[in-house]
Amino acid sequence: MSDNMAHVEREGDAYDIDELLGAYALDAVDDDERARVEDYLEINPRAAEEVRQHREVATMLAFTGMDAPEGVWSRIEEEIEASAPEPGPELAMVFALDRPDPSAPAPVSTLATERASRRAPVWLLGAAAALALFVAGAVLVTAISDNGRSDPLRDAYAAAESDRDSVRTELVAEGSEAVAIGLIDQDGHGYLDASALPPLDSALTYQLWGVIADNGDVVSLGILGRTPELETFTVESEVAALAVTIEQSPGVISDGNPDGAFVGTF
Amino acid sequence: MKHDVSEMSDGALAVAIGRYQQAALAEAYRRHAGAVFGLARRLLTDHARAEEIVQEVFVRLWNEPDRFDPDRGTLRSFLLANAHGRSVDLIRSEASRRRREERESAQTADAGYDIAREVWDMALAGHVRDAMEVLHDGERAAIELAYFGGLTYREVAEQLGDAEGTVKSRIRSGLKKLRAELTNSGITVGSGAE
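Chains as they are written, first to last, in the numbering used here: chain L, 777 to 1042; chain D, 8 to 201.
Check each hint, because a few of them may be wrong.
Quick list of the computed label-pair ranges, beta carbon to beta carbon [said to hold, decoys possible]: (1) Arg-74(D) x Ser-938(L): 37 to 47 Å; (2) Ala-932(L) x Arg-74(D): 24 to 34 Å; (3) Ala-790(L) x Arg-99(D): 19 to 29 Å; (4) Glu-853(L) x Arg-74(D): 15 to 25 Å; (5) Glu-165(D) x Thr-1003(L): 51 to 61 Å; (6) Arg-851(L) x Ala-170(D): 39 to 49 Å; (7) Asp-808(L) x His-54(D): 29 to 39 Å; (8) Thr-52(D) x Glu-937(L): 50 to 60 Å; (9) His-54(D) x Gln-962(L): 43 to 53 Å; (10) Glu-953(L) x Thr-190(D): 55 to 65 Å; (11) Gly-951(L) x Arg-74(D): 36 to 46 Å; (12) Arg-822(L) x Ala-170(D): 23 to 33 Å; (13) Leu-980(L) x Arg-38(D): 31 to 41 Å.
Output of the computed footprint for chain D on chain L, the stretches with three or more beta carbons under 8 Å from beta carbons of chain D [what the hints assert, rightly or not]: (14) 801 to 810; (15) 818 to 829; (16) 844 to 852; (17) 992 to 1005.
Here are some chain L residues the structure puts well away from chain D; computed CB gaps all over 12 Å [stated by the list, open to error]: (18) Asp-941; (19) Glu-946; (20) Pro-975; (21) Leu-976.
Derived by calculation from the structure, the hints in this document are not laboratory data.
Being a predicted model, the structure only gives us computed values, none of them experimental.
Note that beta-carbon positions come from the ideal geometry of N, C-alpha and C, so glycine has one too.
Required output: the full structure, derived from the provided sequences and hints.
Structure representation (structure tokens):
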């Protein structure tokens, strides 16, 4: 017998709690009663469904047809952007290689060294930079199920891959055999096939970053989760490189990327 | 490939929000912030604090999207329940209560607790009004005071001079009647997952 059930039966008050369900759904109970009801709901699906229905009725009553308040959305944007994870110092050193200032000293980093050895020739970077790609921000989408059926997103990825105007890069990391494929078409639609990346512990998440070609800024392109597959993003300014890092989930500020970054340049 | 969030169901929006798609949160805001704001303002009788509730509710959705379970109700219901709970918390703090009572003492005469007037401008206002008509006065008053007044059922009982058990039963029976009446009118009341 669960503690919750024991609690309810010991009190012998199932009927009384049932009578409280309406008031509970309207937040019209005190704290002790709320706790009792919530214990009860955990063991009584019928009661939980009743509460759900009461709340839906309340939803109907609450609707006033009012417009969203002006100015609040911009405050929400500021708040959620302020809490967005920033690249750790190790990743920043990696990306520093792509900054446009050629006189800037290259940082000493094993990741940077690894990445430098794999980076594309300068002429290719220049060609990639000529594409007008636009970074839109974090735009991660639904992963594709690999069930063998025709999938519009997989089809779009294949079409972009065969388009001569698309740019493609392989994202690799030191000490890992896994490779992620980054692809951006001429309209700024980006794809990341991250299905080869190893699953992470539940406390971690992969995160996709882009390096703005004009100024070297590193922007987050989205959270990939712990088991990414084929993901999409949208870019609205020129991008010189992509990277995938391992961060604390969900989106906490990271002190670094001790597990390494998968990096690919265009 | 860009996904048109305006065509997403609320359930799909919630999934997208869970994947940090800001456009999905913006769409959820566009759809539901007005209702959230309206409810919070009604409860708090304070425009600025109602805006704070709106901001808090949507930022919380962004930070903790897993708290929304589509199997347990609609996104709108979830957001409104959050806004209601947070507003009630504020109301029940002693300082908030004092301020509110001062405001209400000047406003009760022309504001009152009139659900029908509150929802007159919604598309379903007629159905809601009709549904409210099936409640007897005690049920209607108990629901209005509890939901829009932010009172506990005990406080409602005290205010109405009724027994506590009577009031909690009236709230429950009234909500059931409302649901049945709205359903009979052809209105889907929170069919669950969207």
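Name the hints, by number, that the structure is in violation of.
No numbers; nothing is violated.
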